[in-house]
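Chemist: Chain by chain, the residues run as shown.
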Amino acid sequence: MLGPPPPPPPPPPPTQRWARDHPPPSLPPQSVFGTPRRPSEGRYDPLPLFPQNRAWTAPPPPIHPPKVLCGTPSPPHSPPPPPSKQNLPPLPALTLPEDGLKGPGRPESGAQPFLHHREALWKRVLCAWRDGGLRGLLKEIVSAEEEGLQWAKTALSCVVTACRWLSSLHGSLLPHLSVRCKALRGPFCAGGRNGAGRAIRAFAWHPHTSKFAVALLDDSVRVYNSSSATIPSLKHRLQRNVAAVAWKPLCASILAVACQSCVLVWHLDPTSLSTRPSSGCAQVLSYPGHSPVTSLAWAPSGKLLLSASPVDTAMLVWDVSTENCVQLQWFGGGGVTFLAWSPDGSKVLAATPSAVFKVWEAQMWTCEKWPTIKGRCQTGCWSPDGSRLLFTVLGESVIYSLSFSEYRGDMQGQVGGSKTASIVADLSETTFETPYGEERVGGAVQSMAWDPTGERLAVIIRGQNPRTAGTQTVVAVFRTRNSPVFELLPCGFLRGEQSAEPQLIAFHPCFQKGALLTVCWSTGTISHIPFFFLSTHVPYGSPGRSPAVVTASSSVREQPLFSEL
Amino acid sequence: MPGLAVLPTLCARAASCRGGRGEGAWHASYWLPRASIAAPIGCPGLPAVLRRKWRVGGGRWAAETLNGAGPGMEAAAAGRQRALLRQVLGWRLAAAVAWSGLLLPVCTAAFVLLSGIQPLRPLRWLSDSFDDLYTSHVIFCILLMSVVVLVISVFNVEFYAVVPSIPCSRLALIGKIIHPQQVIHSVAHAIMGMLVAWCAAVMTKGRFQFLAVPCTISESLNDAVPQMCLNEYHLFFLLSGAFMGYCYSLLYLINNMNYLAFPIIQQYKYLRFRRSLPLLVKHSCVESLYSVRNFCVAYYFFGYIPKMWISTTMDLRIDSKLHPLDTLSGLLDLSLFYHVWLCGVFLLVTWYIAWLFFKIYATETHHFPVQPTFAEETDQCLPKILNSNPPLIIKFLALQDLMLLSQYSPVRRQEVFSLSQPGGHPHNWTAISRECLSLLTDLTQRLIAQQEAAAANGRAKQQVGEMKVSPQTPGAVVAEDIPFQLQRSNVIPRAAMSSLAKSSLMPLKASPGSDIGSPFSSPALNCKAGILDLSSPWHGSVQSPLVMRRGPKLWTSGSGLQMNGSHRESFPVLSVARVGSEAVQPSFIYTWLQNKQEQIKNFLSRRVLIMYFFSKHPEASIQAVFSDAQMHIWALEGLSHLVAASFTEDQFGVVQTTLPAILNTLLTLQEVVDRHFKLPHVSSKPPRSSGSLVDTSYKTLRFALRASLKTALYRITTVFGEHLNAVQVSTEHKKRLQQFLEYKE
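As they're listed, the protein sequences go chains A and B.
Residue numbers for the first sequence follow UniProt numbering, beginning at 1 and rising by one.
Residue numbers for the second sequence follow UniProt numbering, beginning at 1 and rising by one.
Among the clues, some could well be false.
Unchecked claim - Listed below are the simulated BS3-like cross-link pairs for lysine-lysine, each with C-alpha atoms no more than 27 Å apart in a straight line:
1. A:235 x B:678
2. B:205 x B:282
3. B:205 x B:321
4. B:734 x B:744
5. A:369 x A:419
6. B:735 x B:678
7. B:282 x B:269
8. A:153 x A:139
9. B:282 x A:369
10. B:734 x B:678
11. B:685 x A:235
12. A:123 x A:235
13. B:744 x A:235
14. B:596 x B:678
15. B:744 x A:513
Rather than coming from a laboratory, the hints here were simulated on the basis of the structure.
Given these sequences and hints, build the entire structure.
Modeler: In C-alpha cells:
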C-alpha cells in the first residue's frame with residue numbers, strides 16, 4: 001500500500017518561468033501557455049523534446065489541414081489577459097507511482113512465489129468462487145488434486161465441458177459476450193488499451209469546485225481537494241475493478257464509482273475531516289446481469305445516473321435516491337462501452353462494441369443509430385451547447401463531427417442529427433523536422449476532451465505502431481469554435497517524459513481564466529496544464545454581455561503555434 | 001371494539017394531512033383506505049357500493065368549497081371537476097381497456113397452444129392447437145374473458161391511488177383486508193377468477209371440460225346404470241381460479257399495486273410496455289406457482305366441503321372409481337398441476353396486462369396549456385388547475401407537466417414569465433409559484449409538527465430547545481415576504497401554527513418514555529400533523545394527571561373524532577374551531593366515560609397479543625409521512641428550473657419579486673428536512689427489491705425529496721452565484737446560502 005501520498009507540492013509560480021523564458025507581453029494572442037507542473041523531485045520534465053527556452057516557430061503543425069474547416073480564419077479573440085497567474089487555485093499535482101500500490105486486493109491465491117503451499121481445498125474453492133463465480137468454482141474443483149473426489153470431479157468435468165460448449169455456441173452468436181471480463185476491461189475502459197499497467201484507472205473533476213477523484217490500481221478512490229488537506233480514501237468491499245468515477249452535478253459531494261458488480265454511490269461530507277469514510281456512506285446500486293460496469297454518466301441536472309456495461313445490452317437509468325432503475329434496451333450491437341451526456345443534458349452518446357453507436361435523446365429516450373464503417377466508436381465528446389458531437393472510430397485516425405439541430409423541448413422524441421458525419425481533422429502519422437531530429441506524431445485517437453467553454457479540444461493521439469521508434473503518444477491540443485461555424489485549429493502538443501504516456505485527460509469544469517487541462521500519465525503522475533485565454537463564451541446572462549472585440553488579424557495561421565512547450 | 005377500525009384511518013390520514021386544502025379527499029375516504037379519486041368513467045355497470053363511494057367523492061370536493069359557497073356552487077364545482085377528470089383521463093382509460101382487450105386473443109392463443117402441448121408429436125400438437133383456435137367455444141371464451149378484463153379494468157380505475165396508503169400496524173393491515181370495500185374487491189375477483197378458470201377448463205378440454213360427466217354406477221356387472229357424476233378435476237379448476245382471484249386481490253392490496261408510481265423518465269407507451277412485459281410474465285409464473293401450491297394445501301384439508309356441497313346441491317354422484325383429489329396421491333398428479341398452473345398464469349397475465357395498461361396510460365404526461373387560447377379553455381390551463389383543488393391525479397399530472405415544461409420547453413417557460421395583456425400582471429408565474437410554495441410550506445409545517453411530536457415524546461427531547469428558536473424565523477418571513485397575498489385558509493402563519501400545535505401537544509407531553517415503535521406513542525407521531533390532535537377528546541378536557549400519565553395512546557385521535565361525530569372532511573382549522581367549542585364545556589359524564597375508556601385501554605395495552613397487533617412499524621409510519629412527496633419533488637424541480645431559467649429568460653423580472661420567498665421556503669424546508677432525518681429510523685434505507693413488477697418506490701420517497709431539495713437549491717445558487725447576496729433573506733439563511741455557494745452542504 002502506498003502510504004499517505006506526498007503532500008501536493010506547491011506549484012512553482014509560473015511567473016518565474018515566464019520571467020526566465022519570455023517576457024509575457026510580447027506573446028502572441030493565440031499562444032497556448034502551457035506550464036506543466038513539476039513534481040517535487042523534479043524528475044518529470046513535461047517536454048524534453050522541445051526545449052523550454054525557445055519559441056517554436058519552424059515546422060508547420062503535424063496535422064493535415066482539416067478537411068472541413070469553414071468560416072473566417074480570425075477568431076475574435078481579445079488580447080490575452082495579463083499573466084496574473086499568481087492567484088491560481090492551488091491544485092494538487094500528484095505522483096502516484098505504481099510500485100506503491102498493491103495490485104487489486106484479492107485474497108491470496110494458491111500460487112505463492114517462493115514456497116509451494118497449497119491452501120485447503122475449501123479455501124481455494126471459496127476463493128475461486130469469489131473470483132470467477134460458478135464457473136471458476138467448477139474449474140477449481142475439477143483441477144483439484146485431492147484424493148477421494150474422483151466421482152465428483154468426473155461429474156463436474158462433464159458439466160464444465162457442457163458449459164464450455166454452450167458458451168462457445170453463445171459466443172458465436174454474440175462475439176463480444178464471450179470475452180472474459182478482465183480482457184474486456186482493458187479495451188473498453190475509459191483510459192485505453194493497456195489497463196493493466198497503469199496506476200490511475202479513472203479520473204474525474206468535480207463539476208463545480210476544484211476537487212477531483214482518482215481511482216487507483218488498488219481499487220481505492222482518493223478525493224483531492226484544493227482547499228483542504230484531507231484526502232479521503234474510499235474503500236469498499238464491493239469496490240473492485242473500478243473503471244470509472246463520476247461526480248454528481250449540482251451537489252456538493254456525491255461520487256459514483258463503477259465497479260465490477262455494481263455502482264457505488266458515495267455520499268461524502270464535504271466538511272468532514274475523516275480520511276476513511278465508512279462503507280456506510282456508500283449506496284450500492286446493483287442490477288442482476290449488469291456487470292461489469294465500465295461507464296457512468298450523470299445527467300447535468302443531477303437527477304439521473306446512467307450506467308452501462310459492455311456485456312449487458314441494456315443500459316440503466318438510475319434514480320439514485322430512490323434506487324429505482326429503468327432499463328433502456330435495444331437489440332443488436334451488444335453492450336455499451338462509452339457514455340457521454342451532452343452538457344446541456346439533451347442527448348447521450350452510447351458507443352457499442354460493434355460498429356455502431358447510438359445517440360439517445362434524453363427526454364423521451366429514443367435513439368438514433370449510427371453505423372460506422374470500420375470499427376467501434378472509440379470515444380466522443382460534446383460541445384458545451386450539445387449541438388455538436390466529435391467522435392473517433394477505432395482504427396481510423398480522423399475525428400468526425402456530427403451536428404445536431406438546436407434542441408428545443410417541443411420536438412419530443414427526435415434526436416435531430418444531421419444526415420452524415422463529416423471529417424473535421426485527419427490525424428494520421430506525419431513526420432516533421434525539428435532541430436532535434438525527425439519527429440513522428442499521429443495515429444489513432446484514444447480519448448478526447450472538450451473544455452467547458454468550447455474553445456480547446458485535447459486529444460490523446462497514440463501512434464499506430466507503438467514499436468516504431470519515434471512515434472509517441474502525445475496530447476494534441478486544438479483551438480475550437482462552435483458558433484457561428486465550426487472551426488478546429490491545431491494549437492500544440494503535450495508530451496510527457498520519456499516513458500510517460502498520457503492515459504486520461506480531463507478539463508477543469510470551472511476554470512475562470514481559460515481552460516485547465518489535467519493529464520494523468522502512465523507513470524502515475526497527474527499534472528495540470530493551464531491555458532490562459534479570454535473566452536468568447538461569456539458565462540450566460542452576465543450583465544456586460546458584449547460581443548467580443550473582433551481583431552482583424554488575418555495572420556493568425558502564421559502565428560507560432562508553440563510559444564513555450 | 002369500535003376503536004380498532006380507526007387505526008387504518010389514522011394511517012390514511014397520516015398519508016394525507018397536508019394542511020387540509022383539497023385533500024379533504026382523504027378525510028372522506030378514511031373509511032375507504034384506498035384513495036379513490038377517479039370518476040366512474042366509461043363504467044356504466046358499476047356496482048352499487050362503488051357508486052355510493054363515488055357520491056362520497058363528489059361530496060368530498062364539495063366540502064372543500066364549504067368555506068364560502070352554497071350547495072349550488074358545490075355541485076357546480078364537483079361537476080367541473082368531474083368534467084375535467086373525464087376530459088383528461090377518459091380517453092386514456094378507454095385506450096387502456098381497448099389495448100388489454102386487443103391483447104386477449106394473443107394470450108388465449110398462447111394458452112391454447114401451451115395447454116395442449118405434446119412434446120413428442122410437435123406437428124400434431126401445432127395443427128391441433130390451430131384447429132382449436134377457431135372453434136366456437138374458444139371464441140366464446142375470448143368474449144367472456146373480454147368482459148372479465150373489462151370488470152378488472154373497472155376495478156383498477158376505481159381503486160387506484162396516486163398517494164399510497166400505508167398500513168402502520170398489523171391491525172391496520174387486517175382492517176384494510178376486512179374492510180367492506182376490499183371484501184367486495186376480493187369477492188369480485190374471486191368470481192372473475194372462477195370465470196377465467198372455467199374458460200381455461202373449457203379450452204383445455206380433455207378431462208377438465210365439464211363439471212358433470214357420465215359415469216356408470218356398477219352395482220353389479222350387468223346392471224350398469226348410466227348416471228351423471230361430479231368431475232372433480234373441473235371443480236378443482238374452478239376453485240383454484242377463485243383462489244387465485246382472491247390471492248390476486250389480496251396481493252393487490254398488500255403490495256399497494258393500486259399505487260400509480262410515475263416513471264422516472266418519460267418514455268413512449270410501447271417501450272414502457274415492452275420493458276415491463278418480461279417482468280410481468282415472470283412475476284405471473286412465479287406467483288401462480290405459489291398460489292397453486294397454497295391451493296393444493298388448502299384443498300387437501302378443506303376440499304371435501306365444496307365437493308360434498310356441489311354433489312348434493314346438483315345431485316351428482318361421486319364416482320368411486322376415480323381417485324379423489326383431496327388425498328395426497330390425488331394431488332400428486334403432474335398433468336393436473338401443470339394445467340392448473342397454466343390456468344393461473346393465464347389469469348394473472350391477462351389481469352396484469354390490464355393493470356399495466358391502466359398504469360401506463362394513467363401516468364402518461366398530459367400537456368396542460370399555460371395560457372388559454374380560447375375562453376372555454378380557461379379551466380384547463382396549468383395555473384388555474386394548480387390553484388383549484390382538482391382530484392389528486394389531475395394535480396399530479398399538472399405538477400408533472402410543470403416539471404417537464406420548466407426543464408425542456410423554453411417556449412412554455414416564456415408563457416409562464418409573460419405578463420397579462422391588459423394590466424401587465426404576471427398572473428401565470430404568481431399562480432404557479434404560489435401553489436408550489438404553499439405545497440412546500442405545507443410540507444414544512446407537517447414535518448415541524450411531526451418533529452415536535454417526536455420531541456414531546458421524550459425520544460428527542462433535546463430538539464425542543466432548537467424548536468423554540470426556529471418558529472419565529474422561517475414561516476413568518478414566508479408569510480410576510482411573499483409579495484402577493486396568501487389568502488388561502490390553509491396557509492397558517494407559522495407562529496400561530498406552532499402555538500396551535502403546541503397547545504395540542506400539551507397532553508401528549510405528559511406521556512413519558514414511550515417509543516416511536518411502541519403502540520402507545522403519541523398519535524401525532526403516527527399521524528403526521530400534530531394539529532389533528534386538536535380534535536382529540538383529550539384536548540381541553542379535565543383529566544387527572546395520573547390518568548394522563550399512564551394513559552396510553554392506544555386509540556388515537558380517530559376514536560375521538562368518531563365520538564365527536566365531527567366530519568372527516570373538515571379542515572384542521574375548521575375542526576380546531578369546532579372541536580374547541582365542543583370541548584369547552586365537557587360534561588361530567590363525558591369525563592367519567594373518558595376515564596373509563598382510559599382504564600380499559602390501559603388494561604388492554606398490557607396484553608402481548610394486543611401489543612403485537614397494535615405495534616407500529618416505525619418504517620411504515622415514516623413512509624406514511626412522505627407518501628405524497630412526489631408532488632413536492634415535482635414542485636421543487638419545477639420551481640428551481642423556472643428560477644434558474646429566469647436568469648436569462650425572464651424579460652420582465654417577474655421572478656425576482658418572488659425570489660426571496662422561494663429561497664426562504666426552500667431553506668426552511670431544507671433545515672426541517674435535515675432535522676427530520678436525524679430522527680430515529682428515518683435515515684435508514686428500507687430493503688430494495690430490484691427488477692420486480694411490484695413498485696416499491698414510495699418507500700424511498702423521502703430520500704428522493706431530500707436529494708431533489710438539495711439539487712434545487714444548488715441549481716438556483718449555481719445559476720445566480722454571487723447575485724444571491726443581493727437578495728433579502730435573513731442572516732441565518734444568508735449563512736446557509738453562502739454554504740451552498742461554496743458547495744459545502
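Chemist: For each hint, tell me whether it holds in the structure or not.
Modeler: So, going through the hints one by one against the coordinates:
no. : hint          : result
1   : A:235 x B:678 : holds (26 Å)
2   : B:205 x B:282 : holds (26 Å)
3   : B:205 x B:321 : holds (21 Å)
4   : B:734 x B:744 : holds (14 Å)
5   : A:369 x A:419 : holds (11 Å)
6   : B:735 x B:678 : holds (21 Å)
7   : B:282 x B:269 : holds (20 Å)
8   : A:153 x A:139 : holds (10 Å)
9   : B:282 x A:369 : violated (30 Å)
10  : B:734 x B:678 : holds (23 Å)
11  : B:685 x A:235 : holds (21 Å)
12  : A:123 x A:235 : holds (24 Å)
13  : B:744 x A:235 : holds (23 Å)
14  : B:596 x B:678 : violated (38 Å)
15  : B:744 x A:513 : holds (23 Å)
In the structure shown, a violation is registered for the earlier hints numbered 9, 14, in ascending order.
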